[in-house]
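Sequences are here, hints too, so could you generate the full structure?
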Amino acid sequence: MTLRLGILGLSDGNGHPYSWSAIFNGYDAEHMAECPFPAIPAYLRLRRFPEESLGALARVTHVWAQERAIAEHVARASRIARVVDRPELMLGEIDAVLLARDDAAQHASLARPFLDAGLPVYVDKPIALTERDLDALLAMQRYDGQIYSCSALRYASELRWDPAKVGEPRLVHAVIPKYWDTYAVHGIETVVAQLSDVSWADARASRLRRGPLDHLDVALPDGLDVRFTTTSSLPSAIRIHVLGSAGDASLVFSDSFTAFREALRVFVTSIAERSVPIARDETRAIVRLIEAGRR
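Under my numbering, think of the first position of the sequence shown as 1, with each following residue one higher.
Since the hints were made in silico from the structure, they are not lab data.
Since no wrong hints were added, every one of them can be taken at face value.
SDA-like, lysine to any residue: derived pairs with alpha carbons at most 20 angstroms apart: (1) 165 / 243; (2) 178 / 105; (3) 165 / 249; (4) 178 / 252; (5) 165 / 224.
So the derived label-pair ranges between C-beta atoms look like this: (6) 209 / 143: 38 to 44 angstroms; (7) 28 / 197: 42 to 48 angstroms; (8) 171 / 76: 43 to 49 angstroms.
Idealized CB from N, CA, C, for every residue including glycine.
Here it is in structure tokens:
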């Protein structure tokens with residue numbers, strides 16, 4: 001059965017309603033060319049549709065945004081059949097929700113009607129900025145695994161280092177553009193996902209701000225040091241540098257489409273399986289680090 005998805009947007013600087021919907025539905029080239037996030041039509045043009053879409057698994061059938069004109073443009077660009085004036089008007093006509101906003105303060109209020117109705121909800125990164133807010137959001141679930149959330153970069157193969165070449169990591173430095181609250185999660189989650197055997201609960205974290213740069217330095221008990229840096233207004237690619245006992249690796253993020261598609265595929269697959277694809281302890285460690293970087 002092809003699932004029917006609703007999508008909620010749009011937050012400042014975040015074009016996921018366009019890109020996520022297109023990954024399922026395909027897109028209208030003329031209208032997508034007017035997307036206010038030019039990187040999205042640029043990478044969509046490099047893909048084959050429908051061959052590389054997720055249309056066999058689900059379609060985005062409903063869209064809401066805080067301004068109807070925005071929602072209507074997303075609908076035209078990403079071939080969404082229905083625009084609604086209030087999110088809850090989707091209820092009864094969809095099977096799951098994509099909460100495609102990265103302003104974490106809005107997540108609970110927007111997710112609540114869908115969680116109350118028992119629908120699975122994909123909450124855009126970061127799921128929360130504090131552990132308290134994370135607990136409050138997860139407490140709204142009607143069943144374990146109802147909420148799915150991640151940085152899609154955890155699925156970016158170009159950001160995975162090879163343990164055989166690096167050996168035991170001794171220093172990891174992730175550099176992420178833009179701002180801590182919305183973008184630090186990309187570096188944090190990518191690193192935490194690869195260091196799954198690390199005891200993040202025993203880490204000592206300290207924040208440093210120098211000009212436009214925000215750093216979080218994390219000292220782990222086994223001798224591993226990790227630094228997360230957001231660059232604010234300074235332009236930067238998303239990069240991870242790893243120095244290990246056997247060598248080093250410099251990794252640069254380059255493929256948004258594939259990472260987003262895999263994150264969306266995992267969400268849709270988890271609905272049928274009623275599974276929790278990402279361990280909650282791992283999500284908790286990620287949110288703790290985000291919170292530590294805000295103090």
